[in-house]
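Enquirer: So the protein sequences, as listed, match chains A and B. Okay, so the first sequence: first residue is 0 according to numbering that gives the first Met the number 0, each after it adds one. Okay, so the second sequence: first residue is 0 according to numbering that gives the first Met the number 0, each after it adds one.
If you are wondering where the hints come from, they were derived from the structure by calculation, not from laboratory data. Be careful, since some hints might not be right.
Which copy is meant is left open, because identical chains are indistinguishable; a pair holds if it fits in one copy or across any two.
Said to hold, decoys possible - Mimicking SDA-like on lysine to any residue, the simulated pairs with C-alpha atoms at most 25 Å apart in a straight line are:
| no. | residue 1 | residue 2 |
| --- | --- | --- |
| 1 | Lys114 | Met90 |
| 2 | Lys149 | Pro393 |
| 3 | Lys314 | Glu83 |
| 4 | Lys99 | Gln144 |
| 5 | Lys99 | Ala87 |
| 6 | Lys16 | Arg120 |
| 7 | Lys16 | Thr158 |
| 8 | Lys86 | Glu410 |
| 9 | Lys50 | Pro165 |
| 10 | Lys79 | Ala278 |
| 11 | Lys99 | Ala117 |
Protein chains: 2
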Amino acid sequence: MIEIIYQPSQDQYKKLKQRPQLERSDMEIVIQKVYDGIAEGGDYELKALTKKFDGVDIPNIKVSDAEVMSAYKSLDADLKIAIEGAKANIMKFHEAQLSKGVEIETMPGVNCIQKSVAIERVGIYIPGGTAPLFSTILMLALPAQIAGCKEVVLCSPPTHEGKIHPVILATAYICGITEIMQVGGSQAIAAMAIGTASIKKVAKIFGPGNQYVTAAKEKAISYGVAIDMPAGPSEVLVYADETCNPKFVAIDLLSQAEHGIDSQVVCVTTSDVLADQIANEIEELVADLPRKDIIVQALKNSCIIIESEVDKAFKFINDYAPEHLIIASESASDLASKIVNAGSVFLGNFCPESVGDYASGTNHTLPTYGWAKSYSGVNVDSFTRKITFQSATPEGLVSLGKLVIPMAEAEHLQAHANAVKIRLAFLSQQKV
Amino acid sequence: MIEIIYQPSQDQYKKLKQRPQLERSDMEIVIQKVYDGIAEGGDYELKALTKKFDGVDIPNIKVSDAEVMSAYKSLDADLKIAIEGAKANIMKFHEAQLSKGVEIETMPGVNCIQKSVAIERVGIYIPGGTAPLFSTILMLALPAQIAGCKEVVLCSPPTHEGKIHPVILATAYICGITEIMQVGGSQAIAAMAIGTASIKKVAKIFGPGNQYVTAAKEKAISYGVAIDMPAGPSEVLVYADETCNPKFVAIDLLSQAEHGIDSQVVCVTTSDVLADQIANEIEELVADLPRKDIIVQALKNSCIIIESEVDKAFKFINDYAPEHLIIASESASDLASKIVNAGSVFLGNFCPESVGDYASGTNHTLPTYGWAKSYSGVNVDSFTRKITFQSATPEGLVSLGKLVIPMAEAEHLQAHANAVKIRLAFLSQQKV
Numbered sequence: 000m001i002e003i004i005y006q007p008s009q010d011q012y013k014k015l016k017q018r019p020q021l022e023r024s025d026m027e028i029v030i031q032k033v034y035d036g037i038a039e040g041g042d043y044e045l046k047a048l049t050k051k052f053d054g055v056d057i058p059n060i061k062v063s064d065a066e067v068m069s070a071y072k073s074l075d076a077d078l079k080i081a082i083e084g085a086k087a088n089i090m091k092f093h094e095a096q097l098s099k100g101v102e103i104e105t106m107p108g109v110n111c112i113q114k115s116v117a118i119e120r121v122g123i124y125i126p127g128g129t130a131p132l133f134s135t136i137l138m139l140a141l142p143a144q145i146a147g148c149k150e151v152v153l154c155s156p157p158t159h160e161g162k163i164h165p166v167i168l169a170t171a172y173i174c175g176i177t178e179i180m181q182v183g184g185s186q187a188i189a190a191m192a193i194g195t196a197s198i199k200k201v202a203k204i205f206g207p208g209n210q211y212v213t214a215a216k217e218k219a220i221s222y223g224v225a226i227d228m229p230a231g232p233s234e235v236l237v238y239a240d241e242t243c244n245p246k247f248v249a250i251d252l253l254s255q256a257e258h259g260i261d262s263q264v265v266c267v268t269t270s271d272v273l274a275d276q277i278a279n280e281i282e283e284l285v286a287d288l289p290r291k292d293i294i295v296q297a298l299k300n301s302c303i304i305i306e307s308e309v310d311k312a313f314k315f316i317n318d319y320a321p322e323h324l325i326i327a328s329e330s331a332s333d334l335a336s337k338i339v340n341a342g343s344v345f346l347g348n349f350c351p352e353s354v355g356d357y358a359s360g361t362n363h364t365l366p367t368y369g370w371a372k373s374y375s376g377v378n379v380d381s382f383t384r385k386i387t388f389q390s391a392t393p394e395g396l397v398s399l400g401k402l403v404i405p406m407a408e409a410e411h412l413q414a415h416a417n418a419v420k421i422r423l424a425f426l427s428q429q430k431v
Numbered sequence: 000m001i002e003i004i005y006q007p008s009q010d011q012y013k014k015l016k017q018r019p020q021l022e023r024s025d026m027e028i029v030i031q032k033v034y035d036g037i038a039e040g041g042d043y044e045l046k047a048l049t050k051k052f053d054g055v056d057i058p059n060i061k062v063s064d065a066e067v068m069s070a071y072k073s074l075d076a077d078l079k080i081a082i083e084g085a086k087a088n089i090m091k092f093h094e095a096q097l098s099k100g101v102e103i104e105t106m107p108g109v110n111c112i113q114k115s116v117a118i119e120r121v122g123i124y125i126p127g128g129t130a131p132l133f134s135t136i137l138m139l140a141l142p143a144q145i146a147g148c149k150e151v152v153l154c155s156p157p158t159h160e161g162k163i164h165p166v167i168l169a170t171a172y173i174c175g176i177t178e179i180m181q182v183g184g185s186q187a188i189a190a191m192a193i194g195t196a197s198i199k200k201v202a203k204i205f206g207p208g209n210q211y212v213t214a215a216k217e218k219a220i221s222y223g224v225a226i227d228m229p230a231g232p233s234e235v236l237v238y239a240d241e242t243c244n245p246k247f248v249a250i251d252l253l254s255q256a257e258h259g260i261d262s263q264v265v266c267v268t269t270s271d272v273l274a275d276q277i278a279n280e281i282e283e284l285v286a287d288l289p290r291k292d293i294i295v296q297a298l299k300n301s302c303i304i305i306e307s308e309v310d311k312a313f314k315f316i317n318d319y320a321p322e323h324l325i326i327a328s329e330s331a332s333d334l335a336s337k338i339v340n341a342g343s344v345f346l347g348n349f350c351p352e353s354v355g356d357y358a359s360g361t362n363h364t365l366p367t368y369g370w371a372k373s374y375s376g377v378n379v380d381s382f383t384r385k386i387t388f389q390s391a392t393p394e395g396l397v398s399l400g401k402l403v404i405p406m407a408e409a410e411h412l413q414a415h416a417n418a419v420k421i422r423l424a425f426l427s428q429q430k431v
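Could you build all of it, start to finish, from the sequences and the hints given here?
Expert: Put into structure tokens, the structure is as follows:
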């Protein structure tokens, strides 16, 4: 069911560290049409596209407070406790990320400050469907709140009944979101990027989505709106050694595979005995899982790689740069120091990916598709900008002038030099 | 020479806070051809394109250590002192930005860690031309070094003599860069994004450039390579009140205008007397400047806006989100608290933008074109990723299970729940 690759050749290695080419069917025209429609028709077009794509009439775009409150009240009691427990952990870990800022006197009389300032207005997209991914609301709304974003709008598509799934509304309420819009797909992204009467333009859009949502997020950039990160299918890499439990490794691989048929699942080990054990456990465990059909598809792009040495295994892991990395070993804490490229790392035999997906406190919005080489997962900084401030006393400007004037003149930027010279001339006149 | 706008109407306001539409002539095909050429021809194509676009033959792509050393030795002594002084300030301010990381026990037995890890290999692009912008090397190479990037490659186009301007080589040497490549334009960006025999693929590309370089940087994203930020023409906004010196304001506006004919220069004040004084000073000062022709062009897109109240003025400033903001006032420190959207802020009458362009210690690679609403200027974090780590003891997993299992099951992800359940079953068997 899962391929085992013994000491990959150079060619195999190169292929293994890459991801499958994404199907980028040419959606440019479709997406541009949605943007043009929203730019021209605003809310009217947003409702029309909801009718067209989601098949439902929505009388109003914003969900009423009464509907939100009713969803919150009807939330299953155990689930409510779980969501609030997860919220507490996520708050704790993300609050600790708040930057205290920097203030340094670089030369006598020259003061430089770096201040984290929250992005004023952000948009969060939560996909719909039968399995509502309400956990992503916690991962985006809570850091936004901690960062201090003044306005957060959440868009999520209506179900066939013409309403957002109540668990999404309830979770949004628990996370303090008051602007909830029952629109989805590329039209929701376009509305947040352009602005309509109901949905004010945002500065940055966060959240997962299908290929239309992804393409619409990319398009948002040309409307001056930032996005959280480039998208790609979710993935896990498990490093396993003789101190792991093969059954735990198998269920961790399966829990990634159940996300979708394009999920990437890789196991790296130095033990061929272990590779066989894990493969057998996978066959055994998959039978009972409700999303078996998806899993079997996903496992077709997946494999167990046997490397000859631990360092070679970690070289591959860093070359692959997995979104999620589980180190299934009793020496996980020591091995962690070998990690350079990864989104989120799960250490030891009692820390499955699913704890980070929901509740440990870390964020689950992470760079996929090798982007962990250059992107961070979502964190409090994702919702802020670092603004710098500087001031100089007359004394400071005299010192700076000795540096700035020769450099500006060497760059042939005379007015830059003169901005200092004119001030220095003024100061020396003052002294006389 | 500069337009004065008295209390802009709503329509005017809307236009003023926007930037002029950028000419995006369709370069997609040209740029894709360059990428395809580099992908196929590697170094050979890189040399051929350098011949074609820069008109010179380069025998080797990498600049020899001997040439770099000779450039360093021939550097003007005063300029060397200035560059080293600027380096010291930039190092000081950026070293203070290094993150100490976060480590939190979110629940008993559940440990969450956030660690800043440097991007392994980055590329820096420095434009060529008669006025070599060597100051940008300091602004990119020093934070990369502080962050701990293992490999930094610098690309810069050769001049008509077939060599990189010596001041660029000397500055790169001062900043510790050892991989210097004498290639420029979109072909240099493509080489860093794809990789050739001489230039290994990078994970992130930084630095300014013309429209071809900008388009090639955007294209790099589809090759899995990140970029520093979206590009746009440089800009300054000066807020001036009665406690400013109109001559200082005028030269600051002019020093931005000399960058290029597309530079954006805006002054906001509440005083019409001051507006006239500043306009007069501009007319007087421009006459002596060598880049007068460029300045006169740039001032055509520029204006002085008179607002009725200080708060209205700052509302406009935040709506405009300037790259550089000078607060030309004796109350600058108090007024700074009103700033939400800006790249870098210069406080008071003795702190012209040019001090931050070169030497105060802050970074000069900043978000333009309104991107200050969602992007930071370059800082140490631009060269790192935040990787999260988590671990759980058996006790910790028991606590987490109460949160994870109901949430995973509510999202219909049974294998996610089972990853915890199977471990909990194992633990309870152990106890028996």
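Enquirer: Please go over all the hints and tell whether each is borne out by the structure.
Expert: Hint by hint, here is what the structure shows:
In this homomeric assembly, Lys114 and Met90 come within 25 Å of each other (Cα to Cα) both inside a single copy, at 21 Å, and across copies, at 18 Å. Taking the shortest alpha-carbon separations for Lys149 and Pro393, neither the intra-copy value of 38 Å nor the inter-copy value of 40 Å comes in at or below 25 Å. For a Cα distance limit of 25 Å, the shortest separation of Lys314 from Glu83 qualifies neither inside one copy, at 39 Å, nor across copies, at 38 Å. In this homomeric assembly, Lys99 and Gln144 come within 25 Å of each other (Cα to Cα) both inside a single copy, at 17 Å, and across copies, at 23 Å.
In the homo-oligomer, the alpha carbons of Lys99 and Ala87 lie at most 25 Å apart both inside one protomer (22 Å) and across protomers (23 Å), since each shortest distance falls under that limit. Proximity of Lys16 and Arg120 under a CA criterion of 25 Å is satisfied inter-copy only: 17 Å between copies versus 37 Å inside one chain copy. Proximity of Lys16 and Thr158 under a CA criterion of 25 Å is satisfied in neither setting, with 38 Å inside one chain copy and 39 Å between copies. Taking CA atoms no more than 25 Å apart as the test, Lys86 paired with Glu410 passes between copies only; the shortest distance there is 16 Å, against 53 Å inside one copy.
For the homomeric pair Lys50 and Pro165, the shortest alpha-carbon distance inside one copy (20 Å) is at most 25 Å, but the shortest distance between copies (63 Å) is not. In this assembly of identical chains, Lys79 and Ala278 lie within 25 Å of each other by CA distance neither inside one copy nor across copies; the values are 37 Å within and 63 Å between. In this assembly of identical chains, Lys99 and Ala117 lie within 25 Å of each other by CA distance both inside one copy and across copies; the values are 13 Å within and 21 Å between.
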